[in-house]
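> Use the sequences and the hints to build the structure in full.
Residue numbers (this note's numbering), protein chains in the order written: chain D, 1 to 163; chain G, 1 to 50.
If you are wondering where the hints come from, they were derived from the structure by calculation, not from laboratory data. These numbers come from a predicted model, not from an experiment. Hints may contain errors.
[Said to hold, decoys possible] Straight line, CA to CA, 20 Å or less: simulated DMTMM-like cross-link-like pairs of lysine to aspartate or glutamate:
{"hint": "1", "chain 1": "D", "residue 1": "Lys102", "chain 2": "D", "residue 2": "Asp132"}
{"hint": "2", "chain 1": "D", "residue 1": "Lys102", "chain 2": "D", "residue 2": "Asp67"}
{"hint": "3", "chain 1": "G", "residue 1": "Lys46", "chain 2": "G", "residue 2": "Asp18"}
{"hint": "4", "chain 1": "G", "residue 1": "Lys46", "chain 2": "G", "residue 2": "Asp5"}
{"hint": "5", "chain 1": "G", "residue 1": "Lys6", "chain 2": "G", "residue 2": "Asp38"}
{"hint": "6", "chain 1": "D", "residue 1": "Lys102", "chain 2": "G", "residue 2": "Asp30"}
{"hint": "7", "chain 1": "D", "residue 1": "Lys102", "chain 2": "G", "residue 2": "Asp38"}
{"hint": "8", "chain 1": "D", "residue 1": "Lys102", "chain 2": "G", "residue 2": "Asp28"}
{"hint": "9", "chain 1": "G", "residue 1": "Lys6", "chain 2": "G", "residue 2": "Glu48"}
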Amino acid sequence: MTVTINGSTGIDKVQDGTIVQADLATGVAGTGPAFSAYQSSGQTPSSNTWTKITFTSEEFDTNANYDTSTSRFTPTVAGYYQISASVQFATANYNVRTSLYKNGAVVLYGTSSSTGVESFVSGLAYLNGSTDYVEVYATTATSQATGPGQGVVYFQGVLVRAA
Amino acid sequence: MTLYDKIMALYPELQPQDFLTTIRLQNDSDGRGDYIADWNHPTLPKPEIE
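Put into structure tokens, the structure is as follows:
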């Protein structure tokens with residue numbers, strides 16, 4: 001147990017792990033989970049088939065909530081997460097698109113490119129801190145390999161507000 | 001022949017754009033291959049893939 005001095009009301013007793021968003025002053029960032037993963041070897045989805053993108057390498061994973069074997073982010077802290085991902089294919093194509101899945105169903109569609117090689121998806125998702133997970137899927141009109149690499153084909157997330 | 005190729009052979013009038021949201025072919029990268037996750041085409045019935 002940690003004892004802290006509260007300047008306005010006296011002494012408060014705060015147990016580790018019990019601080020919630022409302023306890024933080026405006027502008028104070030928490031230490032919630034954050035991760036950044038990327039694809040280190042390419043994969044070749046079938047044409048016009050939404051395929052789960054595999055991100056098997058990590059840049060960082062502060063709370064060990066990202067699983068490189070399943071390419072899933074399953075945070076153990078409930079809250080609202082900023083999730084971003086980018087997928088790039090080897091050659092210019094059309095109907096390149098990325099989407100974010102939560103618990104196996106699409107929740108956010110990313111940019112759609114008619115002539116380019118990449119698609120980007122970014123948005124907020126509420127994750128319950130126990131069973132909710134997110135994944136990234138992508139599709140392209142012609143079957144071809146992704147162009148992997150750190151900062152090229154990546155999947156990132158960070159807690160921006162606790163539940 | 002991929003699942004997409006089989007469907008296009010059956011319904012050549014489909015366009016690639018139909019497979020973005022109206023028809024969703026999916027692969028979960030778990031070794032089980034491609035499958036039809038959603039079929040919401042207004043006129044063409046969902047095929048039975050063998």
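> Under the criterion that the straight-line Cα-Cα distance not exceed 20 Å, is the pair G/Lys6, G/Asp38 satisfied?
It holds: about 16 Å lies between the C-alpha atoms, which stays within 20 Å.
> Is it true that the CA of D/Lys102 sits at most 20 Å from the CA of D/Asp67?
holds, 15 Å
> Are the Cα positions of G/Lys6 and G/Glu48 separated by 20 Å at most?
With Cα atoms ~11 Å apart, G/Lys6 and G/Glu48 stay inside 20 Å; holds.
> CA of D/Lys102 to CA of G/Asp28, is that 20 Å or under?
holds, 13 Å
> Can you confirm whether the C-alpha distance between D/Lys102 and G/Asp30 stays at or below 20 Å?
holds, 17 Å
> Are D/Lys102 and G/Asp38 close enough, with their CA atoms no more than 20 Å apart?
holds, 16 Å
> When you check the alpha-carbon spacing of G/Lys46 and G/Asp18, does it fall within 20 Å?
This hinted pair holds, its Cα atoms lying about 13 Å apart.
> For a C-alpha distance cap of 20 Å, please report whether G/Lys46 and G/Asp5 respect it.
Since the Cα atoms of G/Lys46 and G/Asp5 sit roughly 15 Å apart, the hinted pair holds (cutoff 20 Å).
> Mind checking the alpha carbons of D/Lys102 and D/Asp132 for me, to see if they're no more than 20 Å apart?
holds, 7 Å
Checked against the numbered hints above, the structure violates none of them.
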